[in-house]
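Trainee: One letter stands for each residue in the lines below.
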Amino acid sequence: MASIEVRDASVDFPIFDAKTRSLKKAVLGVVGGRIGPNASKVVVVEALRGITLDLQHGARVGLIGHNGAGKSTLLRLLSGIYEPTGGTASVQGRVAPVFDLGVGMDPEISGYENIIIRGLFLGMTRKQMDERVGDIATFTELGDYLRLPLRTYSTGMRVRLALGVVTSIDPEILLLDEGIGAVDADFLRKARGRLTDLVDRAGLLVFASHSDDLLRDLCDTGIWLEHGQIRMQGPLDEVLVAYNNRGPGPKRRPPAGGGRR
Amino acid sequence: MPAQVLSTAVARTPATLHRSRSWGLAFDDLARGWRQQELWGHLGWQDIKQRYRRSVLGPLWITISMAVTAIALGVLYAGLFGNRLEEQLPYILIGFIVWAFIGSSITEGAMVFIANERLIKHLPAPISVHVFRLIWRQTLFFGHNLLVYAVMLVVFPQPLSLASLAAVPAFALLMVNGFWAALLVGIVSTRFRDLPPVTVSVVQLMFFMTPIVWIYEDLLNSTNETIASRARLAELNPFLHYLEIIRRPMLGESFELRHWVVVLVITVLGWALTLVVLRNYRARVSYWV
Ligand SMILES: Nc1ncnc2c1ncn2[C@@H]1O[C@H](COP(=O)(O)OP(=O)(O)O)[C@@H](O)[C@H]1O
Ligand SMILES: [Mg+2]
Numbered sequence: 452m453a454s455i456e457v458r459d460a461s462v463d464f465p466i467f468d469a470k471t472r473s474l475k476k477a478v479l480g481v482v483g484g485r486i487g488p489n490a491s492k493v494v495v496v497e498a499l500r501g502i503t504l505d506l507q508h509g510a511r512v513g514l515i516g517h518n519g520a521g522k523s524t525l526l527r528l529l530s531g532i533y534e535p536t537g538g539t540a541s542v543q544g545r546v547a548p549v550f551d552l553g554v555g556m557d558p559e560i561s562g563y564e565n566i567i568i569r570g571l572f573l574g575m576t577r578k579q580m581d582e583r584v585g586d587i588a589t590f591t592e593l594g595d596y597l598r599l600p601l602r603t604y605s606t607g608m609r610v611r612l613a614l615g616v617v618t619s620i621d622p623e624i625l626l627l628d629e630g631i632g633a634v635d636a637d638f639l640r641k642a643r644g645r646l647t648d649l650v651d652r653a654g655l656l657v658f659a660s661h662s663d664d665l666l667r668d669l670c671d672t673g674i675w676l677e678h679g680q681i682r683m684q685g686p687l688d689e690v691l692v693a694y695n696n697r698g699p700g701p702k703r704r705p706p707a708g709g710g711r712r
Numbered sequence: 072m073p074a075q076v077l078s079t080a081v082a083r084t085p086a087t088l089h090r091s092r093s094w095g096l097a098f099d100d101l102a103r104g105w106r107q108q109e110l111w112g113h114l115g116w117q118d119i120k121q122r123y124r125r126s127v128l129g130p131l132w133i134t135i136s137m138a139v140t141a142i143a144l145g146v147l148y149a150g151l152f153g154n155r156l157e158e159q160l161p162y163i164l165i166g167f168i169v170w171a172f173i174g175s176s177i178t179e180g181a182m183v184f185i186a187n188e189r190l191i192k193h194l195p196a197p198i199s200v201h202v203f204r205l206i207w208r209q210t211l212f213f214g215h216n217l218l219v220y221a222v223m224l225v226v227f228p229q230p231l232s233l234a235s236l237a238a239v240p241a242f243a244l245l246m247v248n249g250f251w252a253a254l255l256v257g258i259v260s261t262r263f264r265d266l267p268p269v270t271v272s273v274v275q276l277m278f279f280m281t282p283i284v285w286i287y288e289d290l291l292n293s294t295n296e297t298i299a300s301r302a303r304l305a306e307l308n309p310f311l312h313y314l315e316i317i318r319r320p321m322l323g324e325s326f327e328l329r330h331w332v333v334v335l336v337i338t339v340l341g342w343a344l345t346l347v348v349l350r351n352y353r354a355r356v357s358y359w360v
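Just so you know, the protein sequences line up as chains A and B, in that order.
Under the numbering used here, the residues of the first sequence are numbered 452 to 712, in order.
Under the numbering used here, the residues of the second sequence are numbered 72 to 360, in order.
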């Protein structure tokens with residue numbers, strides 16, 4: 452059964468500059484060459500701090516927060532792409548992510564090929580994908596476009612394709628980033644049915660979005676992220692109300708300064 | 072300065088780094104990567120098709136360009152060194168085919184994660200998948216190039232025997248070594264971005280230091296004592312041994328144990344080092360890339 456258990460997790464990105472990215476400078480530094488005062492200091496961005504989450508089968512969670520709040524980073528943490536730099540994150544169940552637009556798809560190859568490759572990445576076999584390709588083609592309504600290279604697709608078309616794949620492979624944990632808002636309303640209505648079915652059947656949805664309507668459509672719980680921390684967690688409506696009444700826009704926090712990783 | 076960076080990191084978050092840095096997770100990455108054969112098998116083919124999609128000759132393009140280069144250089148160096156063409160050409164041809172595998176595994180290894188940044192950040196997968204894909208692609212290139220070797224055998228027959236089958240385990244060793252080299256250089260290059268261009272220069276230099284166009288045994292048996300002693304120095308070059316374990320059987324030459332011993336020793340040491348780096352930095356690749 453799908454579950455997500457995150458304990459006091461943090462994600463720190465090291466921000467390297469020309470100096471700290473260079474092996475030559477690092478080696479010179481070790482053997483005693485003089486290379487400026489800040490040689491060993493790497494700035495870090497604390498994208499997530501002290502995240503604690505318990506999500507069980509059936510949870511439909513909406514992630515809310517301003518740009519840079521850490522929504523995409525949290526989704527990547529849950530997908531296993533980032534292992535936490537502090538705390539722990541344990542995710543049980545088969546994960547299917549739809550992050551950026553078109554993501555990790557090869558623009559030079561056809562839509563069909565991209566469907567197969569995405570499926571393989573998500574742990575399916577070629578045979579299983581061959582069986583599903585027809586269904587995905589029908590759902591995405593892309594028709595003959597599937598034979599054309601992906602570079603000829605609009606953003607919305609790419610999102611359709613990605614959604615078609617993840618909803619066809621029976622994932623237990625579905626992670627959606629805001630990019631999926633790029634598809635038109637009609638298609639989204641159709642996708643919604645499929646997504647809610649999927650969550651009812653299988654497991655768990657975490658969805659980041661700036662659209663209250665989309666969030667209300669798909670989610671029942673809300674998590675409000677601010678500066679990489681959970682500011683509020685609860686029933687979606689309450690969190691949305693609190694978020695929308697938060698007052699003046701958030702102040703940007705500068706990256707944590709040198710000396711640490 | 073990676074050492075210092077790490078020590079502060081450990082002091083700050085002992086629990087998780089401990090967890091990410093485990094032998095279990097390192098081996099698990101390799102095992103899961105291996106099991107995704109359909110994925111990297113598919114991507115590797117895709118890479119090859121991509122390269123010849125726009126050429127008129129199609130897949131033959133890879134083979135023919137290798138043949139043209141080897142013939143041109145074979146003729147040139149046969150003339151320069153005063154060697155017979157039927158000796159020089161097969162030697163250069165095999166050297167080229169093998170070097171294409173070795174050199175590209177290393178230079179493309181330096182870019183193996185950097186070039187796949189989008190995939191790494193968007194689709195969760197073991198990092199070794201990208202290395203399997205790279206080695207598989209190079210193996211497919213090697214397969215295409217073997218056609219040139221087959222044609223060469225018709226034009227310039229070699230004294231092949233059952234012992235020539237040693238080329239098969241020799242190639243397996245090249246793959247096993249190509250894998251650790253690409254994985255190791257790949258991880259370090261992701262952190263230190265000045266490494267890929269350096270890698271290209273070093274591989275280029277090694278091409279000239281390794282007996283690929285010049286015939287090692289001729290220099291070794293030279294009557295000129297300084298040339299012969301210089302040639303012996305070439306034994307210090309590990310690439311010489313990698314080349315000899317496969318070129319000798321492909322030319323029908325005798326089995327030389329020392330080349331195999333050197334290669335086996337480096338295989339073990341290289342994997343040991345790579346596993347340590349994989350254990351410690353596997354989870355950092357998606358942060359660095
Ligand atoms: N790969 C990265 N390297 C450095 N900083 C990053 C990286 N990814 C995200 N960040 C930083 O982490 C913070 C959170 O980003 P993100 O998760 O993309 O926010 P959101 O999706 O909520 O807009 C931002 O400050 C962003 O600049
Ligand atoms: Mg985002």
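One or more of the hints may lead you astray.
[To be verified] Example chain A residues on the side facing chain B (calculated, C-beta under 7 Å, incomplete):
1) Lys470
2) Leu474
3) Val478
4) Ile532
5) Tyr533
6) Glu534
7) Pro558
8) Thr576
9) Gln579
Calculated directly from the structure, the hints in this document are not laboratory data.
Every value quoted in this text rests on a predicted model; they were computed, and no experiment measured them.
Backbone N, C-alpha and C define an ideal beta-carbon position, used for all residues, glycine too.
Trainee: State the violated hints by number, sorted upward, taking the hints as numbered earlier in the document.
Mentor: Hints 1, 3, 7, 9 not satisfied by this model.
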